[in-house]
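Quick note, the sequences are listed as chains A and B, same order.
For the first sequence, this note's numbering assigns the number 1 to the initial residue and increments by one for each residue that follows.
For the second sequence, this note's numbering assigns the number 1001 to the initial residue and increments by one for each residue that follows.
Accuracy of the hints is not assured; some may be wrong.
Pulled a few chain A residues facing chain B out of the computed Cβ check, cut under 10 Å [unchecked claim]:
| # | residue |
| --- | --- |
| 1 | ARG6 |
| 2 | LEU20 |
| 3 | GLY25 |
| 4 | VAL35 |
| 5 | LEU36 |
| 6 | GLY54 |
| 7 | ILE56 |
| 8 | GLY71 |
| 9 | VAL75 |
| 10 | GLY78 |
| 11 | VAL82 |
| 12 | GLY85 |
| 13 | GLU94 |
Note that these hints are calculated values from the structure, not bench results.
Computed from a predicted model, the values in this text were never measured in an experiment.
Even for Gly, the Cβ is constructed at its ideal location relative to N, Cα and C.
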Amino acid sequence: MEEALRFFYNNRELIFIIILSIFLGIEVISHVPAVLHTPLMSGANAIHGVVIIGAIIVMGHADNILAMVLGFIAVVLGTLNVVGGFVVTDRMLEMFKKKKTKN
Amino acid sequence: METFTSQISILEMSYILASVLFVLGLKKLSHPATARNGNLWAAGGMLLAIVFTILFHKKDGAHIGNIPWILAALLIGTVVGWLAAKKVKMTAMPQMVSLFNGMGGACAALISLMEFPHIPEELIAHHGMLNGETFTIMMGLMIGSVSFSGSMIALGKLDDKIGDVKTKLMRYFNLAFLLLLVAMIVFILLMPVKPDMIWIYLFAALALIYGITFVLPIGGADMPVVISLLNSFTGVAAAFGGFLYDNQVMLTGGILVGSSGTILTILMCKAMNRSLLNVIIGAFGGSAAGAAYDGDKTVKEISLSDAAVLLSYSQKVLIVPGYGLAVAQAQHLCHELDDLLTSKGVEVKYGIHPVAGRMPGHMNVLLAEADVPYEKLTEMEDANNEMNNTDVVIVVGANDVVNPAAEDDPASPIYGMPVIKAWEARNVIVMKRSMAKGYAAIENNLFFHPKNRMLFGDAKASMQKLIAEIKNL
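Chain A extracted, bound-state conformation (with noise of 0.2 Å):
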């Protein structure tokens, strides 16, 4: 019991955070219309490519060879997730802004 009280003293600005981005998180997309939900989907997933910096960090650290390659894969992934993730999220919203000009 102890030890869960010692362990959410010493992150509690981190467990502040987490608390009110799930909130955050919940209030932002709540009133979205169903038009939207693909690329909001696409969009949210590209956004937590955001693990590509944790891959960069034991990357940037890695002292052996498999560390090393398995840091690659890692940095090579969570890249294809952030890159492809926001293209194609802008090929899919493409089109809406093509009609908007129009009209």
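Given the structure of chain A, go ahead and fit chain B onto it with the hints provided.
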């Protein structure tokens, strides 16, 4: 926490800015007019976070090393990701989202695998394995792995390469499997010393298998919901990484996606009038349900010229598109037909079911690509309210979303799902390649309905011939 240097301070500032850009990006993404900008803002935030991490990040006083390798990996990922995203057909978008989601999950899992050996010995000396670091690493590993393998199965299902496995046994098996994974985490946490890596690899392998068995029994028609759910899983996995590195931008980015993804998943389930639990454990489609089919029912066909005449002399026409429209790439012809009929004084509207296609909003994206004006797209409720005054409903490659069984057959697996009530219109024309069943693999009584006539053939070819026929009138 690193001690203060101006570089660390700048890095943290860039993280705050990136987080703000993520939030604003998501916010803008939820309004049609600003959506594209929103995506760019979020991408800008990501670029900022990546560049500043490489430049200024420090761990135990050491800067990021191996920079040439990192840049090489970034380059490969960028080129491949960019090309894949640019080349993919609009119809295969859902598969792409699923694929990229899986990549993010795999990335999170790999990070955990690499960080496990680095759990500080002095931490273990004091508390054994029962510490926050081990917990976050194990959770990141589990969620990331499940998200990866689950996304790959979802991808296969969207491509129709993987069928549904529907046995009740699978449900209990999955529950037991999940308990096993949780038990393994507890077991590792309670160890006094760091276990051999082989246990961690075994755990990762089991989590990967769980991802497969988790998605396998879920019906193909529910893949959009599954992808959205796995999307929020990956967000949570990224957030665990943020916890591990005390990295706020990973934390906010991950949690934002985790929570907004969960809400989005629930919204999608609501659109189908089902609960998330029902989607996950209640296998959709198939089984013995809907066996009320008897062989006597007859299907009427309509000739092209009859269809052309019927359409030309109608007042109101409603087009109900489905995945078949996407497969046949018939959205441009659809718009042409619409223009042609409109020029003849026919009022043409589109009735969009929220889950038509393989992703919510899939049809909106496709029709927008063909320049169909936004005002012509009506949502399901509005389309249904107008149905009594509608002369002809043309169903193009849709099936389950116009199935009357959802209304009148309690035995049907889609019973209770709101559908577009095409049969309430005066006439129905169904464009379809064959009498094959829809994605949910259930019989559709609309095809046998007295008001309905079938126009067999590929949607694109039929549409082309129909347009030619109307022009000849």
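Going through the hints against the structure:
For ARG6(A), the interface hint holds, since its Cβ comes within 10 Å of a Cβ in chain B; the closest pair sits about 9 Å apart. Among the interface hints, the one on LEU20(A) holds; its C-beta lies about 9 Å from the nearest C-beta in chain B, closer than the 10 Å criterion. The beta carbon of GLY25(A) is positioned within 10 Å of a beta carbon in chain B (closest approach about 3 Å), and the interface hint is therefore held. With its C-beta approaching chain B no nearer than about 4 Å, VAL35(A) sits inside the 10 Å limit, and its interface hint holds.
Evaluation of the LEU36(A) hint against chain B yields a held restraint, the C-beta minimum of about 6 Å falling below 10 Å. At a threshold of 10 Å, the smallest CB-CB gap from GLY54(A) to chain B is about 4 Å, leaving the interface hint in force. Here the hint on ILE56(A) is kept, as its CB sits about 5 Å from the closest CB of chain B, short of 10 Å. Using the Cβ-Cβ criterion of 10 Å, the hint placing GLY71(A) at the interface with chain B is satisfied: the shortest such distance is roughly 6 Å.
The interface hint given for VAL75(A) is met, as the beta carbon of that residue sits about 4 Å from the closest beta carbon of chain B, less than 10 Å. Taking 10 Å as the C-beta contact cut-off toward chain B, the hint placing GLY78(A) at the interface holds, the least distance being around 4 Å. Interface restraint check for VAL82(A): the shortest CB-CB distance to chain B comes to about 6 Å, inside 10 Å, so the restraint holds. Interface restraint check: GLY85(A) against chain B, minimum CB-CB distance 5 Å, threshold 10 Å, status holds.
A distance limit of 10 Å between C-beta atoms decides the matter here; for GLU94(A) the minimum to chain B is near 7 Å, and the interface restraint holds.
Figure legend: structure checked against the earlier numbered hints; every hint is met.
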